[in-house]
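Residue numbers (my numbering), protein chains in the order written: chain H, 1 to 318; chain W, 1001 to 1280.
No wet-lab data here; the hints were simulated from the structure.
It is possible that part of the hints are untrue.
As the list claims (entries may be wrong) - Pulled from the structure, derived: some chain H residues nowhere near chain W, Cβ distances all over 10 Å: (1) 120; (2) 121; (3) 215.
What the hints assert, rightly or not - With a straight-line cut-off of 20 Å between C-alpha atoms, the simulated EDC-like cross-links for lysine to aspartate or glutamate are: (4) 104(H) / 145(H); (5) 1075(W) / 1094(W); (6) 1236(W) / 18(H); (7) 1238(W) / 50(H); (8) 314(H) / 1251(W); (9) 314(H) / 1094(W); (10) 164(H) / 1251(W); (11) 1092(W) / 243(H); (12) 314(H) / 1232(W); (13) 1238(W) / 168(H); (14) 121(H) / 74(H); (15) 164(H) / 1232(W); (16) 93(H) / 168(H); (17) 40(H) / 18(H).
For every residue, glycine included, the Cβ atom is placed at its ideal position computed from N, Cα and C.
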Amino acid sequence: MNLEFENELAEIEARIAELSKLDSKEYPQLNKDLGSLRRKMKSLTKKIYDNLSPWDTVRIARHPDRPLFKDYIDGMCSEFIELHGDRRAGDDKALIGGFATIDKHRVMLIGMVKGRNVDEKVYHNFGMPNPEGYRKALRLMKLAEKYGLPIVCLVDTPAAYPGKEAEERGQAEAIARNLTEMANLEVPIVVVVTGEGGSGGALGIAVGDTILMLRYAVYSVIPPEGCAAILWRDAEMAPQAADALKITAESLLELGIIDDIIDEPPGGAHRDPETTIARTKDAIIAALQRLKRQSSNRLRDGRYNKFARMGRVKQTRS
Amino acid sequence: MGWFNRSAGKKQQNEIPEGLFAVCPRCKAHIYKDEYESAFKVCPKCNHHERLTAAERISLIIDDGTFREFNAGIKPNDPLEFRDAKGTYRQKADDAIAKTGLNEAVVTGSGDIHGIRATFAIMDFRFLGGSLASATGEKILLAAEHALRMKRALLIFSASGGARMHEGIVSLMQMAKTCAGIARLDRAGLPYISIMTDPTYGGVSASYATVGDINLAEPGALIGFAGRRVIEQTIKEKLPDDFQTAEYLLEHGFLDAIVNRSELKQYLHRILQYSLGKKV
C-alpha cells in the first residue's frame, strides 16, 4: 500500500521493477537507465520525506507495512520468553511482555501488539490494551526489578481500549497505578515510541529514564481526529489539529519530552523494516549501557527530575 | 449567581422572585436559596451534589482562617503556541482567569481539618473544565513536595474533564509528573487521600485521582477513563444509566467509600487520625 503523497514514488518503483526483469545483454542502455531511475527515486524520496506535514507523519505512523512489535521481537532478540497474565483477571492480547535477550543484555521486554491481517488485528484488539494489559505490564516490571533486569518498552497503540468492561475493571486506575509504580522502580527503563503513541494508553508503559522515538512515529494527548472533532467541531480538520498538537518526534524533542530520535531509512520504516529494527536495537543497547552504570537511587531521582522538568512553570508576580 | 443561572437553565416562573430560590439541576425542585447555600449546594429532596468552586470547597472542608494558599501566581503556559478554529489558547486561558478569578484549575495550600494540618490541592471545574495542563501539574507536584517536606498528609479534590488538549503532549506528561510526586509520598509512608468529585475523567482519573491510599467520592459523581459517548460509539451499544457513577465504581471495587458532603469533613478527620500513626 502507498500513501497518496507517495504515488510518484510507487510509479518509479514499479518501473524499476519492470526494467529489472529485462536482460542487460539485450539492452546495452539498461543499466544506465536503471541507475538514473534509482537516482531519481532517491532524490524524490528525500524531497517528499523532507517535507512531510504532521498529518502525513500520522499516516506513516499508522502505515500497515510499518514494522510491529512482533517484528522487533524477531529482529532484535536472540530469545524471547513470553510471560502471560496479570494474576487478577486475564491475559491481555494487545499488551504483551516477557524475558528477552537483546545482544548481550537480558531485559524485560514489553510492548503493544497490533496484528497485521484482519484476524490478527481483531485477536490483538487493534493494539488497544484493557486494564489487564497494564496490570500484566506492571507485574512484569516488578518482576524485572526483583531480578535486577532493565525494562524495555516499545510503544505502538492508538489508545487504551475505551470499552464498558475496561471501565468496570478500572482502566483509569490501571494506568494511574503504572505511572505511580514506574516512578518508584529501581531498574533502568528504556522506552521507544515506534508507531502511535496514543495518549494515556501509551504513557501507561512509557515512564522511562530514556525515551526514544522513531523519526515518523507520533505521540499525542489525543488523536488529531478527536481533537479536531472537539475544537474544530469537524473531524475532517484532523490535519490542522495534527499541526497544532505538535505530535512529531522533532516537536517532542524540541519540547524536551523525548531524549533522542531514531532515524528511519529513506522513505520510512515501511520501505525498509530491517534497517529500522537494526537501528532501534542499536539505540536501545546504547541506552542500556548508559543506564546500567547508574545506581538505583540515581536512576529513580533522575526519572523524577526528568518528569518534574516537563512543563515546569515558574510563579509570575502580577 | 453564576451557578444559579447555569443550573436553572431557563427563566424562572414569574411569581417567584428572582434569586430567592435555586432549582436542583437533577430533580428540578425549588429550594430556598439560603438553605441550598448552607447545605453547600446539596439538594435536600434528591441529595444531588452540585459542583463546588475551589473557594466553596475550602470553606466546607478547612477550618476557618487556617487555609494558606501557595503558588497562586502560577498561570497557564502555552508551550505549543496553540490556536484552534476559535482563536488562541492564550486568549482562552486569559478569559478563564478573568471569569473565575483563579490563575489555574487547581488551588493549592495548607490548612487544618479539625486541627490536623494537611496539604491540599483542590480543583475547580469552572477553569477550562478543570483540565490538567503544565501549570496544574506543576502546582500539584509542588503540593506533593510540600506535604513530603512538612511530613503531612496530602488531600486532592479532583474535578476534571481530563488532560488539556491545548498543551498537547506537555499536558499528557503531567499525568506521569503528578504520579511521581504521589510515588514519593508513598515511599515516605505519608498519607495521600483522593476525593473524586463530579466529574473526574481522562487524564486526571488515569493519574493521581485513582491512586489514593484512600479513594473517596461524592454521591452521584461521574468518574471514568473514557467518556460515555466515546464508549457507546466504540462498542455500539447503550450503556446503563448508572454507568461511571460513584456508586458504580464503589460496586466495582475502586472506591473506599462514598461520603455525603455534609459528613465529608468529619469523615476526613477520622481517616487522618488513622493515617498519621507513624508520623505524629
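Right, here's what the structure says about each hint:
no.: 1; hint: 120; in the structure: holds, 20 Å
no.: 2; hint: 121; in the structure: holds, 15 Å
no.: 3; hint: 215; in the structure: holds, 16 Å
no.: 4; hint: 104(H) / 145(H); in the structure: holds, 18 Å
no.: 5; hint: 1075(W) / 1094(W); in the structure: holds, 9 Å
no.: 6; hint: 1236(W) / 18(H); in the structure: violated, 47 Å
no.: 7; hint: 1238(W) / 50(H); in the structure: violated, 46 Å
no.: 8; hint: 314(H) / 1251(W); in the structure: violated, 42 Å
no.: 9; hint: 314(H) / 1094(W); in the structure: holds, 17 Å
no.: 10; hint: 164(H) / 1251(W); in the structure: holds, 15 Å
no.: 11; hint: 1092(W) / 243(H); in the structure: holds, 19 Å
no.: 12; hint: 314(H) / 1232(W); in the structure: violated, 41 Å
no.: 13; hint: 1238(W) / 168(H); in the structure: holds, 15 Å
no.: 14; hint: 121(H) / 74(H); in the structure: holds, 19 Å
no.: 15; hint: 164(H) / 1232(W); in the structure: holds, 8 Å
no.: 16; hint: 93(H) / 168(H); in the structure: holds, 18 Å
no.: 17; hint: 40(H) / 18(H); in the structure: holds, 16 Å
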